[in-house]
Amino acid sequence: MIPGGGQPNMQQLLQQAQKMQQDLAAAQEELARTEVEGQAGGGLVRATVTGSGELRALVIDPKAVDPEDTETLADLVVAAVQAANENAQALQQQKLGPLAQGLGGGSGIPGLPF
Numbered sequence: 007m008i009p010g011g012g013q014p015n016m017q018q019l020l021q022q023a024q025k026m027q028q029d030l031a032a033a034q035e036e037l038a039r040t041e042v043e044g045q046a047g048g049g050l051v052r053a054t055v056t057g058s059g060e061l062r063a064l065v066i067d068p069k070a071v072d073p074e075d076t077e078t079l080a081d082l083v084v085a086a087v088q089a090a091n092e093n094a095q096a097l098q099q100q101k102l103g104p105l106a107q108g109l110g111g112g113s114g115i116p117g118l119p120f
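All you need for this note's numbering is the position in the sequence shown, starting with 1, plus 6.
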């Protein structure tokens, strides 16, 4: 029983849950198609990832390539990929956050990074 004497409409609750599940799946598909970029070294290295975090492209400006100092280039690549992934996480939060809250706050939902 719910306060006030009414009983929850289970069919309605199931329909709402199913719609939220469909909305979540649609948002996840959109994230998988959306690309975001991160860069390092003032744009010398640019990484492109999908909204779900899959690395799609890596562009290295020839000015960043020094055969005597490959460590700096490696650091720039790591930094660019990290920046791109941070942008992807922000996009995930933007797209999935409201849906996750509708499903109980986001904690404990498999597959969600927050």
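Simulated from the structure, these hints should not be mistaken for laboratory data.
Fair warning: there could be bad hints in the mix.
[What the hints assert, rightly or not] Computed cross-link-like contacts, SDA-like style, restricted to lysine to any residue with a CA-CA straight-line distance of at most 25 Å:
| no. | residue 1 | residue 2 |
| --- | --- | --- |
| 1 | LYS69 | ALA80 |
| 2 | LYS101 | PRO14 |
| 3 | LYS69 | ALA89 |
| 4 | LYS101 | SER58 |
| 5 | LYS101 | LEU37 |
[Unchecked claim] What follows is a set of in silico ranges between Cβ atoms, one per label pair, in the way DEER data are often shown:
| no. | residue 1 | residue 2 | range |
| --- | --- | --- | --- |
| 6 | PRO14 | LEU64 | 44 to 54 Å |
| 7 | LEU19 | ALA63 | 42 to 52 Å |
| 8 | LYS69 | ALA32 | 40 to 50 Å |
| 9 | ASP67 | GLN88 | 53 to 63 Å |
| 10 | GLN28 | ALA85 | 29 to 39 Å |
| 11 | GLN27 | LEU61 | 25 to 35 Å |
| 12 | MET16 | ALA80 | 54 to 64 Å |
| 13 | VAL84 | GLN18 | 45 to 55 Å |
| 14 | ILE66 | GLN18 | 29 to 39 Å |
Glycine is no exception: its CB is placed at the ideal position from the N, C-alpha and C atoms.
Taking the hints in turn, this is what the structure says about them:
{"no.": "1", "hint": "LYS69 <-> ALA80", "verdict": "holds, 14 Å"}
{"no.": "2", "hint": "LYS101 <-> PRO14", "verdict": "violated, 29 Å"}
{"no.": "3", "hint": "LYS69 <-> ALA89", "verdict": "holds, 20 Å"}
{"no.": "4", "hint": "LYS101 <-> SER58", "verdict": "holds, 11 Å"}
{"no.": "5", "hint": "LYS101 <-> LEU37", "verdict": "holds, 8 Å"}
{"no.": "6", "hint": "PRO14 <-> LEU64: 44 to 54 Å", "verdict": "holds, 51 Å"}
{"no.": "7", "hint": "LEU19 <-> ALA63: 42 to 52 Å", "verdict": "holds, 44 Å"}
{"no.": "8", "hint": "LYS69 <-> ALA32: 40 to 50 Å", "verdict": "holds, 42 Å"}
{"no.": "9", "hint": "ASP67 <-> GLN88: 53 to 63 Å", "verdict": "violated, 18 Å"}
{"no.": "10", "hint": "GLN28 <-> ALA85: 29 to 39 Å", "verdict": "holds, 37 Å"}
{"no.": "11", "hint": "GLN27 <-> LEU61: 25 to 35 Å", "verdict": "holds, 28 Å"}
{"no.": "12", "hint": "MET16 <-> ALA80: 54 to 64 Å", "verdict": "holds, 56 Å"}
{"no.": "13", "hint": "VAL84 <-> GLN18: 45 to 55 Å", "verdict": "holds, 49 Å"}
{"no.": "14", "hint": "ILE66 <-> GLN18: 29 to 39 Å", "verdict": "violated, 55 Å"}
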